[in-house]
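Asks: Next come the chains, spelled out residue by residue.
There are 2 protein chains.
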Amino acid sequence: MNILVTGGVGFIGSHLVDRLLLLGHNVTVYDAMIHGFVTSWRDAAVAKYPDRFKMIRGDMGAGERLMEALYDQDLVYHLAANADVRGGTKFPGRDLEQNLLATNRLLEHMRQAKVARIAFASTSAVYGNQTVFPTSEDAPFPVQTSLYGASKVAAEGLISAYCYGFGMWATIYRFAPVLGERYAHGHVWDFYQKLKTDPHHIMVLGNGKQAKSYVYVADVIDALVLEVIQQPRMAPPVLIYNVGTDEVCTVDQSLDWICEEMGVQPERQYTGGEGGWPGDPPRIELHCGRLRNLGWKPTVSIRDAVIRTVRSFE
Amino acid sequence: MNILVTGGVGFIGSHLVDRLLLLGHNVTVYDAMIHGFVTSWRDAAVAKYPDRFKMIRGDMGAGERLMEALYDQDLVYHLAANADVRGGTKFPGRDLEQNLLATNRLLEHMRQAKVARIAFASTSAVYGNQTVFPTSEDAPFPVQTSLYGASKVAAEGLISAYCYGFGMWATIYRFAPVLGERYAHGHVWDFYQKLKTDPHHIMVLGNGKQAKSYVYVADVIDALVLEVIQQPRMAPPVLIYNVGTDEVCTVDQSLDWICEEMGVQPERQYTGGEGGWPGDPPRIELHCGRLRNLGWKPTVSIRDAVIRTVRSFE
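First to last, the sequence lines map onto chains A and B. Going by the working numbering, the first sequence opens with residue 1, and the numbers climb by one from there. Going by the working numbering, the second sequence opens with residue 1001, and the numbers climb by one from there.
Hints are computed from structural coordinates only; laboratory data are not their basis. Keep in mind it's a predicted model, so treat the numbers as computed, not measured. There's no promise every hint is true.
Here are the computed lysine-lysine pairs in the DSS-like style, where the Cα-Cα straight-line distance is at most 27 Å [said to hold, decoys possible]:
| hint | chain 1 | residue 1 | chain 2 | residue 2 |
| --- | --- | --- | --- | --- |
| 1 | A | K114 | A | K54 |
| 2 | B | K1297 | B | K1209 |
| 3 | B | K1209 | B | K1090 |
| 4 | A | K209 | A | K196 |
| 5 | B | K1090 | A | K114 |
| 6 | A | K90 | B | K1114 |
Take the sequences, apply the hints, and build the full model.
Replies: Structure, rendered in structure tokens:
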């Protein structure tokens, strides 16, 4: 297949591109290249797959370049997004711009370019302060508590409406927080950086009891290719899948493993409160039965995912 | 209270303003005045309440005028929106612009003006193609099927995130389709216009079996003032209420009543399909227990609402 990956140089995107190339697809990456593992990773991919790999630098506002990128594509993986969940209240407007309006521009260009299929990286943050655990895809209609979650649920809605309105079809993935190699934000990264500077003290955002079903990036990629690549379909127009492990770990547990791996024993202090920042859901525990029914299952435990992530920094 | 009503010259907005003035509040209307019952209605209100009623013409992009309108307000009713539900696929971008981005601009200006309380006119369309009836506010997380519904669910999410992120608080109303005096779009209006031109034939969008719990505009206004005005609160940050009758009527039934009232007996033809247009939910039947627990109940049946609407045209 001819596949376009937006945000293809990012953490999850670059792993997806590696897998798609390995599976024999023609892959075009469309990315603003503000963040991500550009140089070494790109050079390796270009060297290995000179005929099947292409990179186009641009953002969603660059209409002509985006149209060029969309030419003759069978499928778009839309992973380009603002992933700084915490910065929402500091930069109001950013989630809306980069997650929703960018998605809107992509959909409009897809419609004009007659590219009908999209796979979208959404987030478990759309469940807001959920009360039903484990949370399934048809959980009670949530109230949004973060601009990040709000922008993603808005993008999901827009994608779905385009599918029903214009004969497109979508697979939407709601990821639990993802860990693994090339990861460069979030609590593991923060703790690692802080402990490198001061191994004796650590400040934990929240009360340390936030519990989430973190998932390893290779397992996420398994999910991303499973249904979209291997089971093409045209109906129903929209399918939604949770992607997470069956376990949860707390921030405190994760910090235990990070400290063990780094050989440090810092004194812990807590900022307090149920969430680490405004809109941080205290619990993310996903029910992933839909995806498991297709044969998917996570292969790496949260503990191993944390440890692999820490090792990748070193 | 000092109250700002956006979209205050529209169908629902103008009824709300009348009620708020009657209740003794100071009311400012902020409206682009593209649609709505401007002249005669405004003149009457100005004459009756010269000190408590003010109108400012502007859209959500007019920052300075909006800041002026927000000055010293206790509460904003945000009713300004694109209400042409059907035109979504013909004008993609319009729902996003007028329903979501306009709401975003309002929220940003409210934050800057330190106006912390908003009541928002959302819609039962956010439930998409729901399968649970009657549908309560915490119904299964729906898939959006129309750009209108997607833009409103996105606006709801944004409002909620602002409440959790910036200490604001919101009441969100999900209206069933509203009928009554000053109504000027939707199926009753369409049928009336068509039958005035040709009383012998009528084309019905869909199969005529679409069933919805239409609600009369005065009952909607009861709902809008009940909790917001009479029971002020600061927590929880977001409350959501369905607003509809307990009955449903089909498009065919409604057409029966319209024909009876107009004294015509047209031959009916149907465009076919479960919905009248792409994204039209075949059934809207709301569970309104939350609002009823506050003492609200609809006082006008759907039949009477349809007949009053037709009479208002004459």
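Asks: Under the criterion that the straight-line Cα-Cα distance not exceed 27 Å, is the pair K209(A), K196(A) satisfied?
Replies: holds (23 Å)
Asks: Run the distance test for K1297(B) versus K1209(B): straight-line Cα separation, threshold 27 Å.
Replies: holds (26 Å)
Asks: Regarding the pair K1209(B) and K1090(B), is the alpha-carbon distance no greater than 27 Å?
Replies: Measuring from Cα to Cα gives roughly 24 Å; hence the hint holds.
Asks: Starting from K114(A), check that the Cα of K54(A) is at most 27 Å away, please.
Replies: holds (20 Å)
Asks: Is the Cα-Cα distance between K1090(B) and K114(A) 27 Å or less?
Replies: This hinted pair holds, its Cα atoms lying about 17 Å apart.
Asks: Between K90(A) and K1114(B), does the CA-CA distance stay at or below 27 Å?
Replies: Holds. K90(A) to K1114(B) sits at ~17 Å (cutoff 27 Å).
Taken one by one, the earlier hints all hold for this structure without exception.
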